[in-house]
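S.K.: Could you build the full structure based on these sequences and the hints that come with them?
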Amino acid sequence: MKKIILTLVLGVTLAYANINVDTTYSTLGAIVKKIGAEHVNVTVLGSSKYDPHFIVPKPSLLAKLRRADLLIINGGGLELGWLPPLLRGAHNRNIQNGAKGFLDISHSIAMINVPASVSRAFGDVHAQGNPHYITDPHQVPIIAEVIYKKLKLLDSANATSYEKNYQVFMQEWKNYLTEFDAKMQECKTKKVVQYHLLFNYFLNRYSIKSYGNIEPLPGVSPSSKHTIELIRMMQKKDIKVILQDVYHEKKSASFIADKTGARVATVPHDVGSVKGSDTLKSFYNTIAKQICH
Amino acid sequence: MKKIIPLSMLCALSLMADATLDTIQKELETQKQKTATLESQMQALSRANTNQSASFSQNAYLPDIAFILDMSAVARDVNNTAYSNYAIPGFIAPGDAELIFNPNRGFNLNYAELALHSSVDPYFDAFLVLHLQSNVFEIEEAYVITTSLPMGLRVKAGKFRSDFGRLNKKHHHSWHFDSQALIHEALFGPDALKDPGVQLQWVAPTDTYLMLGAEAMQGTNEASFGASESNNLYTGYLKSSIDIGESISLLGGMSIIHGENFENNTLNPTDLYGIDFTFRDQLGAYSSLLWQNEFIQREKSLGIRVDKQAGFYSELIYTYNNNYATGLRYDAITQNDTDLSAYSGVDTDNLDRFTAMLEYKPFEMSRLRLSYTYDRSKIISGERKNINDVMLSLNISAGAHSAHDF
Ligand SMILES: [Zn+2]
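As they're listed, the protein sequences go chains A and B. For what it's worth, my numbering labels the leading residue of the first sequence as 1, then goes sequentially. For what it's worth, my numbering labels the leading residue of the second sequence as 1001, then goes sequentially.
Any given hint could turn out to be false.
Claimed, not checked - Okay, the calculated beta carbon distance ranges per label pair:
hint: 1; chain 1: A; residue 1: 106; chain 2: B; residue 2: 1334; range: 50 to 60 Å
hint: 2; chain 1: B; residue 1: 1334; chain 2: A; residue 2: 104; range: 48 to 58 Å
hint: 3; chain 1: B; residue 1: 1287; chain 2: A; residue 2: 233; range: 27 to 37 Å
hint: 4; chain 1: A; residue 1: 211; chain 2: B; residue 2: 1320; range: 49 to 59 Å
hint: 5; chain 1: B; residue 1: 1112; chain 2: A; residue 2: 157; range: 51 to 61 Å
hint: 6; chain 1: A; residue 1: 233; chain 2: B; residue 2: 1119; range: 40 to 50 Å
Treat the hints as calculated values from the structure; they're not laboratory data. Even for Gly, the Cβ is constructed at its ideal location relative to N, Cα and C.
M.R.: Next up, the structure:
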């Protein structure tokens, strides 16, 4: 009987000791699971099937934010269109901007495509630079490090466990990157166009040149004039790959493919966006496979 | 002698060496000085590069500012003078209607709105919404909310729109139709239920979203309340939501209000009961189906009798690819137990309205909306008149991006 009570009490305290971590997107969630393992309950707020700029602010997300001990956001303005009202409505002081349980990963990233001037006349420009850094596998160790430091700070009782997981993961990822980079060598001469500036960090990393976007301006639907210009340019420069994300309409890409003979590559923008991209490695492998092969 | 020579030679040598050392040291000094000047110049330059702000500039602390414009072109089969004196039997007497949105045939500039938001400090966020019309300046809302209360609590204080029901809290530009829902217009008027007051809301620490709220407000809204000697309006509500799968969300709420009216120069209670239900299905990344309903009943005591009135709206909105939306709304007054003797000989039954709309958004900050309304809720110049109304409206919101609503 005593044993049962003890297990019950222990079980309860163990369950209680877990910290609730909410991440805005799935790749961040996957990295938290690597470092936090059994000590964290991870909730991903924005489904990787949808546009990360326009996550539907469902009231159920309020309940998830209400109980979070730590909120990890992508930052760089990516959550601007959906998260602020949810954060105000969740009434959780632990995860407000500036609180101990709030972490903006973009503060640790060297942002690219920072515009010299900003105006909505140029569409929904990312004023703080391109926030889609998650597509570059070399950002993972940087992200893992800030997450590790934050978990250690919030939950010092499990610090040794986090440290161990972090070391193991870093070694594993280092090996993975060596292999990955070697494979990407053969991809260097590729030329692509994409729908939105989603994959610039990946493309820059591996010296793949992106020549244009299907959307004429960020957040603006394709126009026939712009599409025709894009087709002409692709024919002139002999561009044979169109990077399509899972959430934008696919008609424009297949029309362009028809006219240019290019291949439409459906590339995941986050862990789990497409079939077979449910883990960190399979996510980056799928990006590489779709772009290169 | 032999000894002297080397000694003197040594002396000479050392003298020479001293001289060279001197020059070298001098040279070194000048070099050092030059380097120091260069260094300080470089530091000054790099300082100039990294920080060019004026010593007392506070631009980085500017609040988020958005401005919203709303305008329309209207065709209606009632002339402007007659329309401005419309009545809704039992709710709005002839001449009492306050026409804010789209009053005129032809062109209307409905309003310009200025919305500001800023963190005040680690404990408060502040909001200010200014509503501007040709001859009206109104503080539509001005309030602070707390950000650091424990246990899922939040306090709002200032002048704000009540969170009663579903639609009352939302500003005109975020409604799905250009006209106010009929039951809301009948019970609150176009100003909606907003007053100076305080609000306390609590979000339960549960898997399912559950929010309890209470408000104490001044109660100046004349359509239902209007006693002004002290604060007399108390609101309570409960809201909850569940998801079915990844795409479907249900949101429901129950609300009550207790206040006082000052009809016939005596204070008497007014009570309101509301229920609302919203179904939303996310059909794709940018497409959705929304079905939103709200029913409100009012019991207004006049001392000698208690008026019981009620109505609802039901709207169905289909959004396609973020650029297009279309919607239908049906409004009706379902109960009107009050003194209608002023309308003797006029049919006051079945007050209702149909509205259809088609929306085009070239970009998320601008919206063109074409709508048709068949309005059977109004008395025009003493006669029941069914009104046809076609409207093209333009709404833009510039500046700070206001996040999307559910
Ligand atoms: Zn973007």
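S.K.: Now, for every hint given, state plainly whether the structure supports it.
M.R.: Outcome of the hint check:
no. : hint                        : result
1   : A/106 to B/1334: 50 to 60 Å : 52 Å, holds
2   : B/1334 to A/104: 48 to 58 Å : 50 Å, holds
3   : B/1287 to A/233: 27 to 37 Å : 30 Å, holds
4   : A/211 to B/1320: 49 to 59 Å : 30 Å, violated
5   : B/1112 to A/157: 51 to 61 Å : 55 Å, holds
6   : A/233 to B/1119: 40 to 50 Å : 45 Å, holds
The structure does not agree with numbered hint 4 stated previously, though it agrees with all others.
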